[in-house]
Amino acid sequence: MTRELTQNRIQKIWEPTKDDRPAPRRAAGAPHFANPPTVIVMVGLPARGKTYMSKKLTRYLNWIGMPTKVFNVGEYRREAVKNYSSYDFFKPDNECAVKIRQQCALAALRDVTSYLKDEGGQVAVFDATNTTRDRRELILQFGSENGFKIFFIESVCDDPSVIASNIMEVKVSCPDYRDCNKTDAMLDFQRRIECYKTSYQPLDPDQYDRDLSFIKVIDVGRRFLVNRIQDHIQSKIVYYLMNIHVQPRTIYLCRHGESTDNLQGRLGGDAGLSPRGKQFAAALAGFVQEQQLKDLKVWTSQLCCSIQTAEHLGVPYEQWKALNEIDAGMCEEMTYDEMKEKYPEEFALRDEDKYYYRYPAGESYQDLVQRVEPVIMDLERQENVLVICHQAIMRCLLAYFLDKSAEEMPYLKCPLHTVLKLTPVAYGCKVESMSLNVEAVNTHRDRPEEVKRGPGTLIRRNSVTPLTSPESNIKKPRIDDLDQAPIHELPPTGASLALCSPSRLPLSLSQHWLGKVCLRTVLQYLKVVSLLVFQRT
Amino acid sequence: MPWISSVPQFCNSPTMIVMVGLPARGKTYISKKLTRYLNWIGVPTKSFNVGQYRREAVKIYKNFEFFNPNNEEAMKIRKACAAAALKDVAAYFLKEQGQVAVFDATNTTRERRAVILSYAKEKGYKVFFVESICEVPEIIEENIKQVKFGSPDYVDRDIVEAMEDFSQRIDCYRASYMPIDDEKDRKLSYIKIFDVGSRYLVNRVQDHIQSRIVYYLMNIHVTPRSIYLSRHGESELNLSGRIGGDSGLSPRGQKYANALATFIRGQNIRELKVWTSHMKRTIQTAEALGVQYEQWKALNEIDAGVCEELTYEEIQENLPEEFALRDQDKYRYRYPKGESYEDLVHRLEPVIMELERQENVLVICHQAVFRCLLAYFLDKPADELPYLRCPLHTVLKLTPIAYGCKVESFFLNIEAVNTHRERPVNVDINRNPEEALQTVPDHI
Chain A
1 MTRELTQNRI
11 QKIWEPTKDD
21 RPAPRRAAGA
31 PHFANPPTVI
41 VMVGLPARGK
51 TYMSKKLTRY
61 LNWIGMPTKV
71 FNVGEYRREA
81 VKNYSSYDFF
91 KPDNECAVKI
101 RQQCALAALR
111 DVTSYLKDEG
121 GQVAVFDATN
131 TTRDRRELIL
141 QFGSENGFKI
151 FFIESVCDDP
161 SVIASNIMEV
171 KVSCPDYRDC
181 NKTDAMLDFQ
191 RRIECYKTSY
201 QPLDPDQYDR
211 DLSFIKVIDV
221 GRRFLVNRIQ
231 DHIQSKIVYY
241 LMNIHVQPRT
251 IYLCRHGEST
261 DNLQGRLGGD
271 AGLSPRGKQF
281 AAALAGFVQE
291 QQLKDLKVWT
301 SQLCCSIQTA
311 EHLGVPYEQW
321 KALNEIDAGM
331 CEEMTYDEMK
341 EKYPEEFALR
351 DEDKYYYRYP
361 AGESYQDLVQ
371 RVEPVIMDLE
381 RQENVLVICH
391 QAIMRCLLAY
401 FLDKSAEEMP
411 YLKCPLHTVL
421 KLTPVAYGCK
431 VESMSLNVEA
441 VNTHRDRPEE
451 VKRGPGTLIR
461 RNSVTPLTSP
471 ESNIKKPRID
481 DLDQAPIHEL
491 PPTGASLALC
501 SPSRLPLSLS
511 QHWLGKVCLR
521 TVLQYLKVVS
531 LLVFQRT
Chain B
1 MPWISSVPQF
11 CNSPTMIVMV
21 GLPARGKTYI
31 SKKLTRYLNW
41 IGVPTKSFNV
51 GQYRREAVKI
61 YKNFEFFNPN
71 NEEAMKIRKA
81 CAAAALKDVA
91 AYFLKEQGQV
101 AVFDATNTTR
111 ERRAVILSYA
121 KEKGYKVFFV
131 ESICEVPEII
141 EENIKQVKFG
151 SPDYVDRDIV
161 EAMEDFSQRI
171 DCYRASYMPI
181 DDEKDRKLSY
191 IKIFDVGSRY
201 LVNRVQDHIQ
211 SRIVYYLMNI
221 HVTPRSIYLS
231 RHGESELNLS
241 GRIGGDSGLS
251 PRGQKYANAL
261 ATFIRGQNIR
271 ELKVWTSHMK
281 RTIQTAEALG
291 VQYEQWKALN
301 EIDAGVCEEL
311 TYEEIQENLP
321 EEFALRDQDK
331 YRYRYPKGES
341 YEDLVHRLEP
351 VIMELERQEN
361 VLVICHQAVF
371 RCLLAYFLDK
381 PADELPYLRC
391 PLHTVLKLTP
401 IAYGCKVESF
411 FLNIEAVNTH
421 RERPVNVDIN
431 RNPEEALQTV
441 PDHI
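From first to last, the protein sequence lines are chains A and B.
Under this note's numbering, the very last position in the first sequence is 537; numbers go up by exactly one each time.
Under this note's numbering, the very last position in the second sequence is 444; numbers go up by exactly one each time.
Check before you lean on any hint, since a few could be wrong.
To spell it out: a stretch of chain B is covered by chain A in this simulated footprint if at least three of its residues, at any positions, have a beta carbon under 8 angstroms from a beta carbon of chain A; those stretches are [to be verified]:
| id | stretch |
| --- | --- |
| 1 | 121 to 135 |
| 2 | 209 to 222 |
| 3 | 277 to 285 |
| 4 | 337 to 346 |
Please keep in mind that the hints were generated in silico from the structure rather than gathered at the bench.
Keep in mind that this is a model prediction, so the values were computed, not measured.
The beta carbon of each residue, even a glycine, is placed where N, CA and C say it ideally should be.
Just need the whole structure built from these sequences, with the hints factored in.
Right, dumping it as structure tokens:
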């Protein structure tokens, strides 16, 4: 017997009628391809771009609706050992440090399990060096025990200038080196890398690792070795990694000049520029000239106002249908007031859940993300680009670059006649907002205060709500059962113990994190070490 | 006449894709499939198989001795064939506005590849190598069985004899085979495919089109499977001759859904995935199957914009010029505030990519979407695509075989209206209504 179908009021999706329970929000655009959960495991010496790739990949996956989170083991280590003193901590024969580092990895893995099993996560990125076979074996076991797929991403690079540049960009300013000057930091970090080199066992596609699924990124993307892709999400990850690059460049986002429809407060349509809109287009031409960019690509949508704006620039531009404004379906060319009057229920529903809400016979922001994804992929390949688009589209693009969640995306401020200049820097994106001083109407509608929020749109099992890449777990208490892990008493010889600055004994180690057993051990270690310190000086 | 497609064209210099590999490594399979895909997404592509040039030059193939590297006369002929093919590549780019040429030959020596590289450099073409490396005997044997025995070279041979001859042919190449070298050739752009896709090595992807090619090659597979394509059951709007909309199934449409369920069960398909669009009529059809299905917005019917839910008669009455323009160029014509077939193809590309990854799939979709998908599988060009016949209540079963696709059509014996409108004779905007409506199928 065929089931009755009803159309979900917000997403306009036909679903079998359920008795009273609100239908769970599901993947609108396309089927979900990420069961079972996947753990992406980074592999590589320090300063090879692992964290850069982890964060960028996470941002991309979250934006396309795949709940993803990074677990950076270095951050766990910084929690455990509040004050980093020097590279000696990373010496392979520094037994106590090795233990701490192992515990950190295990703690991170525990959090991975919790994220993937209990918090609705679908992909976890395990960001650490993972340079030894032993460590990777541990992770593979972990994956197997929990039913997680494992995909390795190894970054291999031996170009000294690339490495030095990475170190300058993200390492010398990291918390480990907050009390050091740049030269000392650079030197220490390079010694730190040496600590890993001797025990580094790269992935071996020919023999040892031939049955694993992985991608080796060689020399910042000049070459890739891809082994045994298992599924859709791994295929997308590989495609993404092969399209990103680290060349310095700038992306400019702006809307078309004010249109005659804007003046009337109408949604959608395909109107031309108003006189002020034309002024903006001329100002934009001047602005672009000033920026003195080499090889700027200009992209527009296929709607009149966007193309007219580009025309004023006097340079070649390319039209993308995918950059067209959100289709307001039956509400096209209405004002908000007309919509409220003619379709009051739709109007209210949109305010209730603006990200998922699909206009009748139109689109939702969620649909937009799907539509705009090939544009993002191409933007990643490009260098300097100016994108002249529309309000909802610009919000989608901006949410991708600035890692904004589905909740925030539909309310990002993208005023007319303002250019956003995005420059990738370190692990994120610098944004500069430049208003070109041409008056325009305001088309922004804030989230109404009195709207009752729908059921939590954030974390839901198997949901496709883009999340801002989640904050790291470090703040939460994690391990209560460290007692389970045996920790041997330290031998009193301290020949290779790391130095800790004596004035800052880590009494601030939180009691949560370390069970009493470990605390005792660590204090003993520090006692021995401070003896050493005083001996030396 | 220049036209702007819905996606920027990303090929400036033309690109030569150069296949590399011993015989029976899937080079022609990849060449043909890649050519089909690129043409479908709108990149004019053509494949040049040097073996065919050789068959033209040497009408009768005797035996593997032709391929003996010491056979000087044969070597001359083979070189000449390669040169002829290269000339045709240049002509394709220059005179036929081609954008990608696939140079399908073994190209197993560094010397031969150097010739191609210098030719391309001189002409300003980009070069991207695709090397297929495989030493798994079962795969090679299967390849030989699937495509070599049927080739003109072996058409009158006994199978055992043919296999023996072909193996010796491969050996002729083996001695001088120099695979692309990761060190010496590090400045070249290429992808190496190992063991039919278990591993890939990708070096120096230069541009968008190469990136798309790599992505495509990494998603295709050769595991036997079938793709079933069907439209939704007859809908209420179908009955009244209206296009678009989001109506439910008519009683006959519901009958079809049940018949489809029976048919699918009868096919005994292993692990079948079922995909529908977001429109009620496809979902209702899938519901009758009683299995899990996935909804894709990308499978929605073409958006007829202002013509949604109109009959052809109404379109002729209210928008006669639009109606004529559509008949003039049905592939590129975009409904006002709607879509064109060309837009549909771009919208469907992720569906095709995922279909390539999958195994057994049943896709329940709509007329225009069906035509686009079918054109991809059967390599139909843009001018034929909008007129492919895709009647209601008929399932097409597509099974990849050799270099193409076997098609089996199953009409499930439930009457339905005809929704196919042929191109009328007169497509002039000044034609009279009778001429315009000449080919409209009957409806209520």
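Verification of the hints:
1. Using a Cβ-Cβ cut-off of 8 angstroms, 0 residues of the stretch 121 to 135 of chain B lie near chain A, which falls short of the minimum of three, so the contact claim is violated.
2. By the rule of at least three residues with a Cβ nearer than 8 angstroms to a Cβ of chain A, the coverage given for the stretch 209 to 222 of chain B holds, with 5 such residues.
3. Restraint check on the stretch 277 to 285 of chain B versus chain A: 5 residues with Cβ-Cβ distances below 8 angstroms, three needed, restraint holds.
4. Counting residues of the stretch 337 to 346 of chain B whose CB lies closer than 8 angstroms to any CB of chain A gives 3, which reaches the minimum of 3, so the coverage claim holds.
Checked against the numbered hints above, the structure violates only hint 1.
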